[in-house]
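These protein sequences, in sequence, are chains Z and U. Under the working numbering, the first residue of the first sequence is numbered 1, with each subsequent residue one higher. Under the working numbering, the first residue of the second sequence is numbered 1, with each subsequent residue one higher.
Note that these hints are calculated values from the structure, not bench results. Incorrect hints may appear among the rest.
Not the full set, but computed from the structure, chain U residues with beta-carbon under 10 Å of chain Z [said to hold, decoys possible]:
id, residue
1, GLN9
2, SER31
3, GLY42
4, LYS56
5, ASN93
6, THR99
7, PHE101
8, GLY104
In this text the structure is predicted, and so the values were computed from the model without any measurement. We put the beta carbon where it would ideally sit given N, CA and C, even for glycine.
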Amino acid sequence: GAGVSQSPSNKVTEKGKDVELRCDPISGHTALYWYRQSLGQGLEFLIYFQGNSAPDKSGLPSDRFSAERTGGSVSTLTIQRTQQEDSAVYLCASNIAGGPAGELFFGEGSRLTVL
Amino acid sequence: TQLLEQSPQFLSIQEGENLTVYCNSSSVFSSLQWYRQEPGEGPVLLVTVVTGGEVKKLKRLTFQFGDARKDSSLHITAAQTGDTGLYLCAGANTGGFKTIFGAGTRLFVKA
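Kindly generate the complete structure, drawing on both the sequences and the hints.
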């Protein structure tokens, strides 16, 4: 697609439920990133994919968080047994392998509210 | 752990004024980026600086990378209401993948 697409744009869930957030990166971008942005805060790195593999998962806040990427394209971030502190905007970004480090193209984010 | 500190955290000015925001770190970065984020949207890349001492201009915006590649500044001349937004600096290292973001400077330009 022309840009990074994320869905849903807004998700309200009850504490304890599982949620899935989806990211469709720019076509041809092999690198994909998930960040979390809490209200008024900067971006917290969660996980990075190069192709389908994730070299570093240490940014995931807890074992309730997982992410996968299939076919080198779409990625899903899953949060199990959601907690109120999981409420945030989850941003996905992509860039082309070998492109300038740090030059990321972001989606509009998925705003998660856990009641 | 590499950290980026931005100052000020919040800035409210009148249209036509000049302003400078800062991004500082104790770590060296291969490159540093500035992004602008508007409510309900993702950050949008404004510029990348890679050489110590480098200065880049983008219309009324001037970006500078410190000589030691640990800090950067963004200067806006004659601010306009359309400049309102969250300005984020980010640092990256060649061959690395973890781009580190500062907490941002929230700019509000009043008409």
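Verification of the supplied hints:
1. GLN9: holds (9 Å)
2. SER31: holds (5 Å)
3. GLY42: holds (3 Å)
4. LYS56: violated (13 Å)
5. ASN93: holds (6 Å)
6. THR99: holds (5 Å)
7. PHE101: holds (4 Å)
8. GLY104: holds (5 Å)
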